[in-house]
Amino acid sequence: MLFAGLSEVAGSPSVLIETDQQSLSIEQVRAILIEKYPAMEPLLKNSLAAVNQEYADGQQLVSESDEVAFIPPVSGG
Amino acid sequence: MNMKSYAITDKPIEIQPLIDHVTHPHAGAVSTFIGMVREFTRGKKTLYLEYQAYAAMAEKKLKQIGDEIIEKHPEARVAIHHRVGHLDISDVAVAIAVSTPHRDAAFEASRYAIERIKEIVPIWKKENWEDGQSWIGDQKEQVAYPTGQPELKGEK
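Line order of the protein sequences matches chains A and B.
If you read the first sequence in the numbering used here, its first letter stands for residue 1, the second for the next number, and so on.
If you read the second sequence in the numbering used here, its first letter stands for residue 78, the second for the next number, and so on.
Next comes chain A alone, as it looks inside the complex (with noise of 0.2 Å):
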């Protein structure tokens, strides 16, 4: 899932990512991503990863099953 900037480069607030492996690191769909929408590089490198509604490290391992986000820098209140 993506929000603000992220879903305004996608298009989308979600995107489907394609592999043949079981499970990818958060640092490993931040990459199919980046290579996808280069555009969003610089923004995607600033945002943190949540799994599950939890943020979430870069070597966390996911699977088909997990809810996957990208956070970029919040702004609310």
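Any given hint might turn out to be false.
[Stated by the list, open to error] Computed far set for chain A versus chain B, every beta-carbon distance over 10 Å: (1) S12; (2) E18; (3) S23; (4) L24; (5) I32; (6) P38.
[As the list claims (entries may be wrong)] If you only want the chain B side, here are some residues facing chain A, beta carbon under 8 Å, derived: (7) V171; (8) K195; (9) D215.
Honestly, the hints are just simulated from the structure, not real lab data.
The beta carbon of each residue, even a glycine, is placed where N, CA and C say it ideally should be.
For chain A, the structure is supplied; the task is to place chain B on it using the hints.
Below, chain B alone, put in the same frame as chain A:
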């Protein structure tokens, strides 16, 4: 009342229900904080704002903030509602109500809550200026997450 303590909503936020929600016999003080849409930011004129949230996660993070407050002030009660969608000047974007037995903790906790919202809650603001629009990043103007992620007190 059956209101959620921590909510992301696309409806206008009313303050009194939040105050009622945290009111109870042991409360001697209720502190409220209201964040609203400001017309001028550093001389630039805002026409309106659009807020977007990762709603399910944002509600969890609001609850985490409430839990952090209650951990420090066990008798506190907390309610936080944040609005999303199109907001005009002077619309309420966020409202926080904290009750505690004594005033010091109530003031401290409502300040803590708004500062934490700006650190960990996945909500984004898009400014629609007179001369264009942009998503606003880290408003606290820290270096972008020096530790690689926000300070996640109370987690892991």
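We went through each hint and held it up to the structure:
Once the 10 Å rule is applied to beta carbons, S12 of chain A is consistent with being away from chain B; the minimum gap is 14 Å. For E18 of chain A, the non-interface assignment is confirmed: its Cβ lies about 24 Å from the closest Cβ of chain B, beyond the 10 Å cut-off. No Cβ of chain B approaches the Cβ of S23 of chain A within 10 Å, the least distance being about 21 Å, so the stated non-interface status holds. Non-interface call for L24 of chain A relative to chain B: holds, since the shortest CB-CB distance, roughly 19 Å, exceeds 10 Å.
Separation of I32 of chain A from chain B is adequate, the least Cβ-Cβ distance of about 20 Å exceeding the 10 Å criterion. With 10 Å as the threshold on Cβ separation, the claim that P38 of chain A sits away from chain B holds: the shortest Cβ distance comes to roughly 19 Å. Contact between V171 of chain B and chain A, as hinted, is supported at the beta carbon level, the nearest pair being about 5 Å apart and thus within 8 Å. Interface hint status for K195 of chain B: upheld, as the beta-carbon distance to the closest one in chain A is roughly 5 Å, under 8 Å.
A cut of 8 Å between beta carbons decides the hint on D215 of chain B: the least distance to chain A is about 4 Å, and the hint holds.
Violated hints for the displayed structure: none, as all numbered hints are satisfied.
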